[in-house]
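S.K.: Using the sequences and the accompanying hints, generate a full structural model.
Chains as they are written, first to last, in my numbering: chain P, 1 to 410; chain V, 1 to 354; chain U, 1 to 136.
Honestly, the hints are just simulated from the structure, not real lab data.
For each residue, glycine too, the CB sits at the ideal point set by N, CA and C.
Do not rely on the hints blindly, as some may be mistaken.
What the hints assert, rightly or not - Here are some chain U residues pointing at chain P (derived, C-beta under 10 Å):
1. 29
2. 60
3. 71
4. 77
5. 93
6. 100
7. 103
8. 123
Unchecked claim - Once the Cα atoms are required to be at most 25 Å apart in a straight line, the calculated PhoX-like pairs of lysine-lysine come out as:
9. 46/V <-> 96/U
10. 46/V <-> 247/V
11. 137/P <-> 354/V
Stated by the list, open to error - Away from chain P, derived, C-beta distances all over 12 Å, residues of chain U:
12. 1
13. 2
14. 5
15. 13
16. 47
17. 49
18. 50
19. 75
20. 81
21. 85
22. 117
23. 127
24. 128
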Amino acid sequence: MTERADSRSSRGPGLPGQPNGWSPVLVAGIGMTPVGEHWDVSLRNLALDAISAALEDAGGLRPDALYVANMLAPALSGQSHLGALLADFAGLRGIEATTVEAAGASGGVAARQAYLAVASGAVEVALVLGVEKVTDKDSGQVEAALATASDADYEAIQGVTAGAQAALLMRRYFHEHRAPQDALAGFSLVAHQNAVSNPNAMFRKAISLEQYSNAPMVSDPLNTYDAAPMADGAAALILARAATLLPPDGRPAVEIAGSAVATAAMAVHDLPDPLGLPAGAASAQAALERAASQVEQVDLFELHDRFSIFAALSLEAAGFAERGAGWLLAKQAEIALDGRIPICTYGGSKARGEPGAATGIYQLAEAVSQLQGRAGKNQVAGASIALVQCLGGSGATAATHVLRRMANGT
Amino acid sequence: MPENHLMKPNRPVGFAGYGAYIPQFRLPASEVARIWTGGQGGLPIKEKAVAGLDEDVITMSIEAARNALARSGVPASEIRAVWVGSESHPYAVKPTSTVVAEAIGATPHTQAADWEFACKAGTEAIQAAIGFVGSGMAEYALAIGMDTAQGRPGDALEYTAGAGGAAFLLGPAETALCTIEGSYSFATDTPDFWRRANETYPEHGERFTGEPAYFKHITTAAQSLMESTGTTPDDFRYVVFHQPNTKFPLRVGKDLGFREDQIETGLLVPEIGNTYAGSALVGLTAILDVAEAGDRILMVSYGSGAGSDAFSLQATGLLSARRSAAPDTLSYVRRRTEIDYATYARLRGKLVTK
Amino acid sequence: METSRHWRLRQQRYALVGEVCPSCELKIFPPRDICPDCGNEARTIFQFSGRGEVYSHTTVYQAPAGHTENSPYPLAIVRLEEGPLVTAQLTDLADKPVEIGMPVEMVTRKLRSDGERGILVYGYKFRPRLARAEQS
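M.R.: So this is what it looks like as structure tokens:
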């Protein structure tokens, strides 16, 4: 993985992975709908709400291209071809539009496609939308649809669920690293605590260690508080080159300083090291390198806590903890808003809710609002560099971005 | 001098391998009584074997076949016929045998077929395999009798209708673990038990299943075989009959002049129930697990409708060396997980879920 | 119904038929035709023994559509003795507790049915190695 990043960086004199002539890409606007069970809102209306909010936030920029992050619409809404559908429905008829799918990493991968298009100059202003509508089908159908992110022929046929895969990793992790049964509780506790003040969160309620310990099992040892609730949601970003951006309304500009996607073996059993999260490590390393940043400079880490075990694995893969020591960070002093490395600052997937392919866009939007000092009670003081990572499947795809607050006027 | 109807192939044939399979679940007969008779009345057996949710005649046949192959040391590619006798084939139309053949690696240069004759479909398959090998058409043929038997809830059959069976690889007698001296078949049109097309559960003639059916056919077949081979009960170290309950095989054995110690080794019905097409065959595997070189064994199956196949067998010197290559039948009998009627109802698909 | 899809995989599913890399001798399951270690073509058929041990395990209580009839069911990643990991259900556990490192053996079982009228899908599962009875 290291070699691959190095060889790319040796191509030109510019920043690693960013050819000469590329312009910095800014996040010009963000929009999020509340995550939850939106019985009365359709896929297209969810999308419209998020797009409208992002366009308004961007102060009237009109996008030239739409990148839709979505995984489940074909299975759960009987709907593909979302690019055309949603561009048209959002009043953007005629623009370039497409869907990007990489399971739970779809949001981050779509953001990267938009980033590449804008950075290269091929697209002036890009709209990235993450949208997922899961409540129109029963839970068995949703589980089956989610299981399509695993290997259909060799995992899903055995009745594998996303939760079961996480549980298999969790049990092995506990075994190899001698972690106690409640080792990961802190991730869930902090996530719930952060969601209390997030108006878009599904569960705005703190939980206790006792509640965690008494929770029913989803797939032992993984309990309901280790698992993020699948829910409906949509979030959108407007990306533009610095030169395009309208004069800022006084808030700091946020740059996508590093962007990377990596993949690993899709089936957990095909990974030489199932607990290594190789795609998470490779994409984090590449994104940081492209941003010319060090992991020590990161002020907050929006990781993908779809299941609590992935918080530990992501922290290790990104370099915040040694191998096997990620679970030791599952405590206030380490990961709360005022901790050493705050994570899931708006509640993460655990408490904000997990809107599938939209997650990566929520994460980026949340990180932007942190860097712009717009996070209110959720504000991480003085945040200037954020690392954002989302995972597809059991980590077979990882998309990692480095966002950086720019000095005013640049 | 009586006519001799003994069936013997031109070329001597035997079992190159044998293997049993019995699922782990056990439903005590007292559980059936608890639900349907308030616990009153005698019980025909102690308990019966019940297949798990992921088991059927195909999966059970595969495991028995693998055990038979392991004991034989014969490569699956040398098998020219895979025949499965059962009255609970998972499909109404689509062979059990092709799946089994594929799973054990016997495809594609093989015959494959399913057999059906109530509880004697397995011994029929053996006789056909004797013909295949004995005629020189094939070196090896695999015959299996296996069932996950059905019994209507509350019916007398529900106490005993069990699951299990055995596989036998037929091959040349020279390298066999047990040779087949000859067989005799007796069949008449006797409607003691049947299941009409598309029905879930079988019907039976109650006491009509006894004298004119089970006893008449087994007795005639056993006596004819012994007459044809010039043997008497004392010539056999072991005897095994079809076992619909504990009482019938003990009584028919006594009627024929066998002692209980000849019968008991192969009498598995008290602990696993009536495994239908597998019943006499799985009993035979328990005998082969302990028989010594030279021991003679009489096996008589019975299938409703009705008929009996009787076989005179003799263990060879190769048996004791080869039998440990696969799990013995007692291991399956003792692998026991007791279930209640509710669990049984779920495992056997007796709960209405749609 | 997905008849041909399951049919294509029958030998690997029924009997753990995988591949061995002719270059580096890596044993490969599931089959993938290109050796993940040395990158050479690996299409040589290899029959796995079916023996292995539990690498990790769990129980699925919230089954996906198609598997709800068997819920809850134990699921594991098994380390085959020839090397590869494989994801599969455990079966025949009764009340036996599962532990990482527990020796298991492959059995062919019913995985699911392809809808109410479709084919029955059979494939590998693993169970605790069968204990042999002591002959009296």
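S.K.: Check the structure against each numbered hint from earlier and tell me which ones fail, lowest number first.
M.R.: Checked against the structure, the hints that fail are numbers 5, 7, 13, 14, 15, 19 and 21, while the rest are satisfied.
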